[in-house]
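**Student:** Letter by letter, the chains look like this.
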Amino acid sequence: MSLSVLAAEAVSGVSTRTHDANWFLENAWIIPLLPAISFLVILFFGKRLPKKGAELGIAAVGISFILAVLTGIAWIDHRDNFELEGGDAEHAIIADGSIASDELVLTADAEEDDHATDDDQAVVDDAHGDEGHAPAHPYVAVQNSTQWFQNGGVQFDAGILVDGLAVMMLFVVTLISLLVHIYSTDYVGGDRRYTHYFAFLSLFTASMLFFVLSDNILQMIVGWELVGVCSFVLIGHWWEEKPNSDAALKAFLTNRVGDVGLLVGMITLFFAAGGGKTFDTITINENIVNGTVGHAALVVAAACLTAAVMSKSGQFILHTWLPDAMAGPTPVSALIHAATMVVAGIYMVARLYPVFFEGMQIGGSSINLLATVGAITLVFGGLLAFVQDDIKKVLAYSTVSQLGYMAMALGVGAWTAAVFHLFTHAFFKANLFLGSGSVAHAVHSFDMKKDMGGMRKFMPKTYITFIIGSLALAGVFPLAGFWSKDEILVGTGGWGLFGGTGGNGAYSFHLTMGLIGAALTAAYMTRCVYLTFHGQFRGDTHGHGDPHESGPRILVPLYILSGFAILVGFVNLPSGIWLVPDGWEERFGHFIEPTGASYFPGIAHGTPSYSLAIVASIIAVVGAGIAFLYYFVWVDRRSKQVGESLTGLPNGLTTTSAIARTGHKVLVNKYYLDHLYTGVIAGFTKGPLARAANWVNQNVIDGTVNAVGETSVRTGKLVYEKIDQGLVDGFVNGAGIVSDATGQELRAMNSGRVQNYAAILFAGAAIAAGAFVLILAL
Amino acid sequence: MTSLLASETAAVSFPVLTAMVLTPFLGALLLLVLPNNRPEYFKQVAFLVSALTAAMTAWVMVEFDKAHAATFQFVDQYEWIETLGISWALGLDGISLWLVVLTGALFPIVILAIDAEHSPKPYYAWILVLEAGCMGVFLALDLFAFFVFFEIVLVPMYFLIGQWGHGERAYAATKFFIYTMMGSALMLVGIISTAVITANTTGNDLTFGLIELAESQALGQTAARWIFLSFALAFAVKVPIFPLHTWLPDAHTNAPTAGSVILAGVMLKLGTYGFLRFGIYLFPEAAVYFAPFLVALGTIGILYGAIAATMQRDLKRLVAYSSVAHLGFIVIGTFALNTEGIEGGLLQMVNHGVSTGALFLLVGMIYERRHTREISKLGGLQKPAPMLAGVFMVVMLSSIGLPGLNGFVGEFLTLIGAFAAHRWWAVVAASGVIIAALYLLWAYQRVFHGPAEGDNATMPDLTVREGLTMVPFLVAIVFMGVYPKPVLERMEPAVDALVAHVETHVEDFDEPVADIAHHVELEDLADLGTDTHGEEDGEHG
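For the protein sequence lines, the chains are A and B, in the order given. Going by numbering that gives the first Met the number 0, the first residue of the first sequence is number 0, and it counts up by one from there. Going by numbering that gives the first Met the number 0, the first residue of the second sequence is number 0, and it counts up by one from there.
Check each hint, because a few of them may be wrong.
Said to hold, decoys possible - With the C-beta cut set under 10 angstroms, the calculated list includes, among others, these residues of chain B facing chain A:
| id | residue |
| --- | --- |
| 1 | 339 |
| 2 | 379 |
| 3 | 488 |
Treat the hints as calculated values from the structure; they're not laboratory data. All figures in this text were calculated on a predicted structure; none of them were measured in a lab. Glycine is no exception: its CB is placed at the ideal position from the N, C-alpha and C atoms.
The shape of chain A in the complex, shown without the other chains (with noise of 0.2 angstroms):
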């Protein structure tokens, strides 16, 4: 179908999506594509080759990252300068190629009126969100896409959807599984299946990329199972461990609880915003946007999706898989649970920001589940941080905490602070986890109260780079955590962000949240450093001497995330501040939001606050200071004074102070989760309630079929005996014939109880057919 005669169809229907552009954007199939083979190929040869696969899985990711790279510059370029046929600058017009015509069609026919004043409202956003700049260009997406199947005239489709937010992933995922494909080459060097763990980072990185690609609903739920399973198997990895095996199968089983949320919110999505006609992302948003959808139906589907998001992204209640998930090698927890894996939950939001938008009724509110759900996990996540011995473990509950903070973004309307957010942190947690890594494969252990301290004297370059996560983590100015941090807290719009203009709502309680998370990360981020890099160095080497420095391999990765942890900041500087450049301003916020695009809903952007910016930072600065009065002065004088290493300590506070101590009990106890989900829930489906459904089936059903068996038998036999004897032992003659033939143990066994019951019943059935015919034909 050509275009014109598409645009004349769609006069009021404005799609923002093309399927003509730049070769990079058309073809980024190819990103996750070459992942993939390398997989097949690392599975079945990869042992044979010379660096037993490795090699391999590196050159695949390597070039899908420059592939990556490569699209992410066609992007720009697109994003400025496309111009679609027939369009003006002030409306993004019609264009789809032939492929899924009819369902544009469809989608353009249902279109309703009152479209144009949509179309004006979101291009007065864009408008406002560009001010200062030249002329905006609309915002189009490029697809591409082929069908899978079709089934009573519903399309499946695959397909790829590149805008900014695709492409971005893109990047960070290519470029953090590239690093961490570097890196394990040193780290697992000489590991029992070293082939295998490099099979499956590589598919882990093409299901993840295939996901962030994904143009239609269903093929997300694909990319998401098949991101899920990775995990299992790579958390899996030293399997002859029970916790390792343990963890895998509990990170798979949390996720499956949020998958049936994921199922049953994207089939009402199918329903309600696709018309049962559609699974295409863009058709759904679009509806959405477009107010055709019911509200409550948008309510179920978000409320479902939360709990999906729950369960990927690590949000409270579903999180107690990830630290967990720690039982993986540390590249992969990186790689896994730090940038890209538990991210898909914060991403399949972003790419369906309509259904939560306008089902939570984000906009001019003050309080949402989302956003709740995010604020609450972002404090606990933070909390438990506090009490972990385990270096990973602090990380893991930090990227919880973290989560959140994208979480409630999300929930608040603050789209970009989210996704930038997600960017930023994708980088400095890689560096944290990579960081801890090298720690850990110098002492051999995880443990920074029993083997750690002191190691910035034996690894200062890891500890060089650590301290540029942590600070970037904490949001420091200028580091990367803290523009996006900062970005986040002024979306909350709560409070009047001193001074600041609002986002969508009032969000004052998550904002408070926030800040007070803020303080939590920077204190539990000292302690993790304190513990780890500085007083007595407290471990065994088993006399093979100090521990020493990484090599090349595992520092040069550590550098270029350092690098990234510095400056990633710099891409999202807040428009309208001091000594900014206006070419610098906003422009992560330019290229990826799809501001003004007919598949986005019309968020409201709030403007800095210095206020708010100072407040926050002195907020962190005073929970780095508490922490580091406490461990660098207190707890390091302590020990020099005792002459004991620190294990030895008793814990200060919760030895004076009941309080404390139940806090700190609860907090040991992951607030009783575990328990909860494990001893209760699991517990009693394998127990209890298993054994009752065995009972039942057992006693109940098979009870009465086994009664019912012996008196049939027992009648069958007097009739056999009384009456009917002739017949049935001619019958069963006969039958003893073919029994003869496969064996006497069967005839003896059985002596012709069945064949007497078939004969018997089917005797029976001829008369009951005849009185049946009788009865019904008079």
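Keeping the supplied structure of chain A fixed, place chain B upon it in accordance with the hints.
**Tutor:** Showing chain B alone in chain A's frame:
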């Protein structure tokens, strides 16, 4: 009738369907006359015979005209018992095609993969008889012929379990036989009644021809409902639908591996296929009437089977209970009575045959090596047998319904269909996917993870022959997961025709539709959200 069929069928001179039924049967007879002193021939002959049948199946699959998938193709029709209107009528349409292909493919694999533990001659003979019976059930277009085949399959399976089984094989075999006989006895009542009443009402000659009976729809409402129940009972036992499932775990656990594979792969589908081909087609009104009830039972089966599976200590029994859950999905799909649901259910029949068949084969391989199926006695098997573990993992994930593998497509279509028809049951059924992951992964963990000790540490990995027999399963699992289109597009016309048949013959019934946009104005979409309480059979737009 003859004209109806002949006009729409390509002229096939060779009666291929009859050959597909008779070849294995004649093969069984051939085995019986082979001399006893050359036992090595038995397996070879059996394999050749089943391979020949498979080749014919493959030919049929290739020649199948997908544009006319809704009509019966390759029809063979001969008078059988003329006075009673019974004929030997065989035909193939989009609904039966893949089940026939599955049957044709599965038997040679089973024969090749598993050696008879003893008495090879009757063993292979019974397997071939079983194949003939299964083929016959899927191909029969005459109610009486169908019934004969439906009953014939019981006998070989009874002997396979009873003589080559393990454990309480006598009990299991008898229970299996009696259970299924009980159901089918009433079906015979139903079949005779249908034919007689139809003949009486229409004034035509007595006939057992499926198409004639279904198209005439001469039964009164009450009669149809009662007769439907008599069919439903037979099929429900065979499926099995909760609470008639208790024969299944016993039969599976005690059956020899070949028996379990065939039972799960093909025989359980006789029931679900029966519902489609006979239940819904002959008695559309009754099917619509009882659909909510059957959907409810299907959903209960999903949860119940899954929960019961979690506590099994015997690996084979666990897989058996998982079948109860899977077949629950098929039942809710079928009785969603829309294209998505029925097609999803039909696809799940094939999927389940592949996945669960493969699982039983793998469990059989473990049993052969370790002489136990107790999960607690196994452990760490991934170490000595990484290939076996890898294959088991893929098959298990397919059974769980992982996207990219075959189980997902069927499960998702089923859920879509069920969601359109019975929203809340679909939601409950969706939660079955969690428990499916629970019991299978948990079992996998206990069997394959952890340290390998004792005999577990020295368990040999897959042999070349075993590896080769698993290849077709893996290919099917991945192919149908990645590219289900060729399978689905051959089913769809037939499924559509069935749904249309129901719509034509049942007043006030519209297909519970997924594509709301076709039937309602888009403005009404806004009401959909508020309408979430609607538990009706459809969106009466």
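**Student:** Determine for every hint whether it applies to the structure shown.
**Tutor:** Cross-check of the supplied hints:
1. 339: Status holds, d = 5 angstroms.
2. 379: holds (7 angstroms)
3. 488: holds (7 angstroms)
Going through the hint list in order, the structure satisfies each hint without exception.
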